[in-house]
Amino acid sequence: MNWGIIIIASLLYLGLLFILAYVADKKAQNHQSLINSPYVYALSLAVYCTAWTYYGSVGRASKSGIDFLLIYLGPTLSAPLWWFIIRKIIRISKIQNISNIADLIATRYGKSAILGAIVTIVSVLGIVPYISLQIKAIGESFSIMIATQEAPIVKPVYIDYAFYTTIVLAIFTLYFGTRQLDLNKKNEGMVFAIAFESLFKLWAFLVVGGYITFFVFDGFEDIFSKAFAQKELQHLFTINTQSGYKALEWFLIGLASMLAIMFLPRQFQMLVAENKQEKHLQKAIWLFPLYLLVINIFVMPIALAGKLSFPDSNIDADTYILALPLANNQNLIALITYLGGFAAATSMVIVASLALSLMLTNNLFIPISLYFSVTKHLKGRQWGRWVLYTRRLSVVLILTLAYGYLTVIADAPLVSIGLISFVAVSQFAPAIIGGLYWKDATQKGAMAGILIGFVMWAFTLVLPTLINKGIFPESIISEGLWGMGWLKPYQLFGLKELEPVAHSLFWSLLFNIAAYTFVSIQSNQTSQERSQAEFFVDVFKYSNIYEEAVVWRGIAHKKDLEELLSGFLGAEKVKNLLADFEKEQNIASQSNQENNAKLVKYAERILASTIGSTSARILVASVVQEDEISKEELLQMLRESQELKKLNFELKKTDKQKNEFIGTVTHELRTPITSIRSFSEILYDNPDLDENQRQQFLQTVINETQRMERLINQVLDLEKFDSGKQVLNLEKIDIQTVIKEAIEIYQTVIQEKNLHLDIHITQQNIFILADKDRILQIILNFLSNAVKFSKKNIIIDSRIEQDNVKVVVADDGKGVPEELKDAIFEKFFQAENQTIKKPKGSGLGLAICKKIIQYHKGQIGVETSNGLTRFYFTLPIIH
Amino acid sequence: MKNPQKITPRIVLVFVVAMLLFNFPILGIFNEVNFLMGLPSILVYIFIVWALVIGALFVIFNKKES
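Same order as they appear, the protein sequences are chains B and F.
For the first sequence, the tail end lands on 872 under this note's numbering, and the numbers increase by one without skipping.
For the second sequence, the tail end lands on 77 under this note's numbering, and the numbers increase by one without skipping.
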């Protein structure tokens, strides 16, 4: 194809990415987040699918069959575990301002700068080759697109093309990834662009897969049956189990991809750092595996189609997906495929280089510059700028390293370098997962595990690639290091049966876990470590008290902290932040010590959001004087702050209820008083009012006074119950006599209102131990409500249920809505619900009934059945 | 956010079952030169289990809590 067309298409595609990212960033500034959606979140996770998925899967499928699927089955198996592991990490990271894997591990183990640096170096060494692989894929796919019969592939061309693409990607990453200092703010533009890339590469893969399967061939069956007819392709139809250890190999490589999907720096960036809401994880857990399933549907058919179409040619199997449409002169489909692969590669390069650069900055360059006291030479806001420039330089450094490596690597197939990275990041798994569930894991243990795992990985996987390049002698592989037979990189300790990746993962993880647990058991934690361990493991318990938890002791001066923060954020902003903080803290109520601790923590948190928690710790520790806290004290402090929080909450709640109660009572009293006053004034001003009217007004005054009296009595009643001062006059009574008494009182009213009363009394002589007047009060209250609301029928019913008597007063009125069935027994329930038409009554009747029944150790409630509203109470009977 | 106490046992169950179905020896049962619906049986098996796992996860997170 004409190279001009391809370059224009690539530029248009990159331009579109810039526009999308720019729009998303602009929207975010106006508080319209485009990435605040579980779908965008799940799509952004598909940055997992790189050029390796695009080209490498097909290549691997055409060589060893179904094996390639493991790389995608692993993440599917891992997804349910996210509910435990990733949900926990997201919660911790949001609270402690963690933005990358190195931060996470270092923060868990006492904010250790050395541990952070180790993790960073392992990540960079493990991932940079993987990035350069993507750059290589971009260049190679380009050269395949422009290759013609006369001018086959020329190396310098693709190297050049890859070079310019890398520069564009660097600009993208710098612009959309390293503009803001605050790591808490999401890179909205970048995430949105990556989500788009995921959608695009999926679409492109389906287009080319569909084309090859249904147009070049005649559907799935056609490809598979044609391939099966060829003897040399039949081995691709099953998993090759010739090696007796296949089951273990299968498991180990699956395990590596399970761990990689969580702990690859770019995955962590998308899963945790760019996560907008914890609940988005719920959708991603099934949506992301679905994405993987769909993108893999056509891999096997394409691989077989390639084998069938180019039986004897020297076309690299990794490029079948491009070669097939090109060979059929379908230039448009080839171009779409090329752009899909381009999308897969670019998304990986962007996110991985950003993630690594943040890691390098927070865990290597800033601690180093602190160590060499660069701080002293920077004034004003220069610190913040220093951090930003370090991040940008790190992006450039990573991409330069990746590009440099490109000129070094041999023609290694895509998949193997990817798997080497997987094994590298798997080394973080014991320290991270252990750190989330095992409180006694120590910093020394984590360090030992990661270091030994790293050495094993380097020896069994990296060393052989260097030997291939001729840097080390061949004899190491065949005879072992220094001629020692048990130190062969591919057959360590004489283990011959596993293929290299599984072999490496087995030994490195085994030694890693062993060192991690053994050293953890043998070593002790500092108080800083202990407090982090407590917090990490019990994050769901502590997450809401984190700010209040005061796990710090020492001497701190506000002025020092203020100065420190100003270096990053500017003096003005820091003054405001601290003023807000103090206002919120209600300083007067706390001891000096408590204030100090909270202030130190607050300052550390602000700093951590720009330079990571380890550097923040170093900086804060440099301006304050700290005391050690013992393990027991630490637990005590955590427990206290938790209890305090609970207590505070309850106090506030009671306080609020009291206020509401007083408010309502006064409101209720004002209504009668207003009417009494106005009627009295009329009577006073008009001495010659006629007798009839006079009588009428006086009657109203008397009624209103009675209403007030009733209300006041009820309030006093309730108050007696509430304070526990109420004394019950308990005696043995027959519940039927009480019911009859109540009915007699209401007989006339019921007749006046033309209502029909039904009495179901199944059993005589049911005795209870109760205060007769109080029980009568309840039944009367129920009856008065029933009379008020009933349309035609009222039913009174009493029966024995187990050891209780249940008394029911039912009416056929409009009923009580389901959601209010508990609320109507609260004080002044009706006053709070303005939408419900206010019936007569104080709004205290049912609340008092509830109290009375509670005092009698019975139950009260309301239920609906057959269109009847049934108010009931139950009381224990005596035999 | 769903209630973790209800979700947790279900998720664990899906994980354990998926782990068993996607590994040997169960995987070995389908690892034969056979055709199902015109496709290699192992491939059909993996994709069906895969879809079922996704379906189970979908149901867990979309079930109405009573």
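Because the hints were derived from the structure by calculation, they are not lab data.
The C-beta atom is built at its ideal place from N, Cα and C for all residues, glycine as well.
Hints are supplied without guarantee of correctness; some may be wrong.
[Stated by the list, open to error] Per the computed footprint, the stretches of chain F lying under chain B, defined by three or more beta-carbons under 8 Å from a beta-carbon of chain B, are:
no., segment
1, 27 to 41
2, 52 to 58
[Unchecked claim] DSSO-like, lysine-lysine: derived pairs with alpha carbons at most 30 Å apart:
no., chain 1, residue 1, chain 2, residue 2
3, B, K651, F, K74
4, B, K733, B, K639
5, B, K814, F, K74
6, B, K718, B, K566
7, B, K432, B, K576
8, B, K272, F, K74
9, F, K17, B, K534
10, F, K74, B, K850
11, F, K17, B, K432
12, F, K17, B, K784
13, B, K784, B, K746
14, B, K576, B, K269
15, B, K718, B, K178
16, B, K87, B, K645
Right, here's what the structure says about each hint:
Judged by the Cβ-Cβ criterion of 8 Å, the segment 27 to 41 of chain F is covered by chain B as claimed, because 8 of its residues qualify and three suffice. A count of 4 residues in the segment 52 to 58 of chain F with a Cβ less than 8 Å from any Cβ of chain B is obtained; the coverage claim is therefore met, three being the minimum. Annotation: proposed proximity of K651(B) to K74(F) is violated, straight-line Cα distance about 40 Å (limit 30 Å). Proximity of K733(B) to K639(B) is assessed by CA-CA distance (about 48 Å); at most 30 Å being required, the pair is judged violated.
Taking the CA atoms of K814(B) and K74(F), the gap is near 26 Å; set against the 30 Å cutoff, the hint holds. With a CA separation close to 56 Å, the supplied pair K718(B) and K566(B) exceeds the 30 Å bound. As the CA atoms of K432(B) and K576(B) are separated by approximately 35 Å, the hinted pair breaks the 30 Å bound. Restraint check for K272(B) and K74(F): satisfied, since their Cα atoms lie roughly 15 Å apart, inside the 30 Å limit.
Between K17(F) and K534(B), the direct Cα distance comes to roughly 18 Å. Compliance with the 30 Å bound is thereby established for this hinted pair. For a cut-off of 30 Å, the pair hint linking K74(F) to K850(B) is broken: about 38 Å separates their Cα positions. At roughly 25 Å between alpha-carbon atoms, K17(F) and K432(B) fall within 30 Å of each other, so this suggested pair holds. Distance check on the hinted pair: K17(F) and K784(B) sit about 44 Å apart at the alpha-carbon level, beyond 30 Å; violated.
A threshold of 30 Å between alpha carbons decides the hint, and for K784(B) with K746(B) the separation of about 10 Å falls inside it, so the pair holds. Annotation: proposed proximity of K576(B) to K269(B) holds, straight-line Cα distance about 28 Å (limit 30 Å). About 56 Å separates the Cα atoms of K718(B) and K178(B), which puts this hinted pair outside 30 Å; it is violated. Of the supplied pair hints, the one linking K87(B) and K645(B) holds, its CA atoms being roughly 27 Å apart against a limit of 30 Å.
Checked against the numbered hints above, the structure breaks hints 3, 4, 6, 7, 10, 12, 15 and satisfies the rest.
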